[in-house]
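**Q** Sequence:
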Amino acid sequence: MNNELNKRIITSVILFIILLVILYSHSSVFGISLLIFGFSICLEFKNILKKLVGGLYLPSKKFNSKFFVIMWIPFIYMFFIFGLLTFDIYKTGGPTFFLFIISICFFTDIGGYVIGKTIGGKKLIKISPNKTLSGSVGSFIFSIIPLIIFTNINNFQLKFEISTVILCLLISLISQIGDLFISLLKRKAKIKDTGNILPGHGGLLDRTDGIIFGIPFAQLLLNFI
240 MNNELNKRII TSVILFIILL VILYSHSSVF GISLLIFGFS ICLEFKNILK KLVGGLYLPS
300 KKFNSKFFVI MWIPFIYMFF IFGLLTFDIY KTGGPTFFLF IISICFFTDI GGYVIGKTIG
360 GKKLIKISPN KTLSGSVGSF IFSIIPLIIF TNINNFQLKF EISTVILCLL ISLISQIGDL
420 FISLLKRKAK IKDTGNILPG HGGLLDRTDG IIFGIPFAQL LLNFI
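Note that the numbering used here has the sequence shown beginning at 240, numbered continuously upward.
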């Protein structure tokens, strides 16, 4: 467990540094990075869908119309929903505000892992046996940490109040649901990880399953505040 945890920490630190470089570079760098990320996620989705459609990998030389149609779903979502809303929140709120939103998703994941592993207890749901009720509670609690940190930064757009706490909790909720949804797909496809690009985490989708749902939801929610 310690070896796995060390890998997760090191990978997370490296990813965080890369994220900071991308966020505080030119907006075109962010846009290009977003396109590369979206395409990479779709490739990992492809591995899942190959398992789900018919339950077996499809022959490489055979065209399968059902698989082709289903494969368009993640592409449409990643580039026209996640991509556009993510770029919108970056352009309207700025790098620091975007970092705040994505930190809620990060801390949701960290809280679930740390508290879930430390306390354990009753399982949250059958589709993901590693998820516990205590971990879910930990995710909600940890999701408020970014609010505490960022509201102490001068001229930050938000203040620490009931409405912003609720904002964090709602983003955390959608992030957790996204995590469970991808876990369900992986369970149905009988795969553990969507890839092996990130040591200790698996694939990009394994690490960002909550983020790809949490960030678009945050932008939609902010439009109504």
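FYI, nobody ran anything at the bench for these hints, they're computed from the structure. Keep in mind it's a predicted model, so treat the numbers as computed, not measured. Honestly, I wouldn't trust all of these hints.
Claimed, not checked - Okay, the calculated beta carbon distance ranges per label pair:
1) Phe319 / Phe463: 15 to 25 angstroms
2) Phe420 / Ile249: 25 to 35 angstroms
3) Ile315 / Val268: 23 to 33 angstroms
All residues carry an ideal CB built from backbone N, CA and C; glycine is no exception.
**Q** Should the hint that Ile315 and Val268 are 23 to 33 angstroms apart at their CB atoms be regarded as holding?
**A** The hint (23 to 33 angstroms, Cβ to Cβ) holds, given that Ile315 and Val268 are roughly 25 angstroms apart.
**Q** Could you see if the CB distance from Phe319 to Phe463 stays within 15 to 25 angstroms?
**A** holds (21 angstroms)
**Q** Taking 25 to 35 angstroms as the stated bounds, is the beta-carbon spacing between Phe420 and Ile249 within them?
**A** holds (27 angstroms)
Going down the numbered hints, you'll see the structure goes against none, and every one checks out.
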